[in-house]
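**Q** Chains as they are written, first to last, in our numbering: chain A, 4 to 116; chain B, 414 to 579.
Rather than coming from a laboratory, the hints here were simulated on the basis of the structure.
Warning: the hint list may mix true and false statements.
[What the hints assert, rightly or not] Chain B stretches covered by chain A per the calculated footprint, using a threshold of three residues with CB under 8 Å from any CB of chain A:
id	segment
1	458-467
2	508-515
[Claimed, not checked] So these bits of chain A aren't anywhere near chain B, every CB distance computed over 10 Å:
id	residue
3	Arg11
4	Ile28
5	Gly29
6	Asn30
7	Tyr31
8	Thr32
9	Glu55
10	Lys74
11	Gly90
12	Asp91
13	Leu93
14	Asn95
15	Tyr98
16	Ser102
17	Lys106
18	Thr109
Glycine included, every Cβ here is placed at the ideal spot set by N, Cα and C.
Each chain is listed here by its residues.
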Amino acid sequence: MTVENSSRILRTVPREKAFYFFTSIGNYTGSSAVSLKEFMERINAVNVKSLEFHLGRGDFEKWTAEVLEDKWLANEINRIMRSGLTGDGLRNQLYLTVSRHFKRLTNPSSTRF
Amino acid sequence: MKLKNKEVTLDRADLEILQALQDDSRQTYTAIGKRLRISHSTVYDRVKRMEEQNIIRGYTALVDLEKAGVRNVLAVVTVYTDPKETEGVAEKLAKSCKVLEVYTSLSDELVIMAKVWAGSQEELHEFIASWVAPLQGVLRIRTSIITKKLKETYFSIENYSKRLHL
Numbered sequence: 004m005t006v007e008n009s010s011r012i013l014r015t016v017p018r019e020k021a022f023y024f025f026t027s028i029g030n031y032t033g034s035s036a037v038s039l040k041e042f043m044e045r046i047n048a049v050n051v052k053s054l055e056f057h058l059g060r061g062d063f064e065k066w067t068a069e070v071l072e073d074k075w076l077a078n079e080i081n082r083i084m085r086s087g088l089t090g091d092g093l094r095n096q097l098y099l100t101v102s103r104h105f106k107r108l109t110n111p112s113s114t115r116f
Numbered sequence: 414m415k416l417k418n419k420e421v422t423l424d425r426a427d428l429e430i431l432q433a434l435q436d437d438s439r440q441t442y443t444a445i446g447k448r449l450r451i452s453h454s455t456v457y458d459r460v461k462r463m464e465e466q467n468i469i470r471g472y473t474a475l476v477d478l479e480k481a482g483v484r485n486v487l488a489v490v491t492v493y494t495d496p497k498e499t500e501g502v503a504e505k506l507a508k509s510c511k512v513l514e515v516y517t518s519l520s521d522e523l524v525i526m527a528k529v530w531a532g533s534q535e536e537l538h539e540f541i542a543s544w545v546a547p548l549q550g551v552l553r554i555r556t557s558i559i560t561k562k563l564k565e566t567y568f569s570i571e572n573y574s575k576r577l578h579l
């Protein structure tokens with residue numbers, strides 16, 4: 004992955020393009036993420052119901068692909084969705100995937116996609 | 414109708430005309446006059462003045478959406494906000510055609526309550542996620558989808574007149 008691509012994925016997006024965490028239809032938790040870094044942090048903190056809600060709807064996959072323009076992460080999230088994980092297992096797997104990816108992007112010397 | 418310091422005071426005849434119009438706004442001034450035992454020109458004058466003063470804000474058809482075949486989802490959306498931003502959020506909500514009613518409330522917390530219309534649950538969620546949640550000052554949102562309507566009416570002038578013993 005080029006430095007330009009990494010910078011694009013790691014950028015802060017405008018508030019209207021942020022990811023807003025809901026627990027069900029119309030129920031907003033108050034947590035949002037405007038960057039991959041914030042997204043990673045929120046995965047650890049938000050109600051696990053919110054992770055299950057968005058993963059099942061394909062919202063994480065859509066946001067990472069369309070807003071962050073991170074196709075690799077979107078594919079990995081899709082794989083987690085198909086695994087059928089729920090609860091803390093899901094939280095741990097999501098966090099592990101996103102945090103490893105974040106480290107690779109912020110430390111290009113260790114990048115290997 | 415009396416006007417004092419820009420404040421309007423309605424008399425008994427005005428209230429009875431309003432009550433008659435709330436019962437059936439399509440009836441003629443002559444019919445209302447007959448019912449109230451006043452001339453149709455008096456009814457006309459008073460209605461015109463109440464329209465000019467915006468006491469009568471309009472005349473509308475009450476449509477039964479279900480019978481009209483309009484698919485819809487209604488929800489009561491409670492928006493918790495930063496107190497400094499409440500007015501601004503409420504005003505922005507009021508501008509959306511999906512929002513039917515907006516109220517601010519001074520309970521334990523400063524909240525905004527809005528009645529929201531959407532074509533489907535997905536459309537409702539999309540509206541809240543992409544339009545309401547990003548508004549500056551929104552802290553969290555609770556949404557209750559209405560499953561059954563047991564009553565829907567407007568404030569009746571008749572009840573108000575009774576309270577005043579008119």
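**Q** Sort out which numbered hints this structure fails and list those numbers smallest first.
**A** Of the numbered hints, 1, 2, 4, 5, 6, 7, 8 do not hold.
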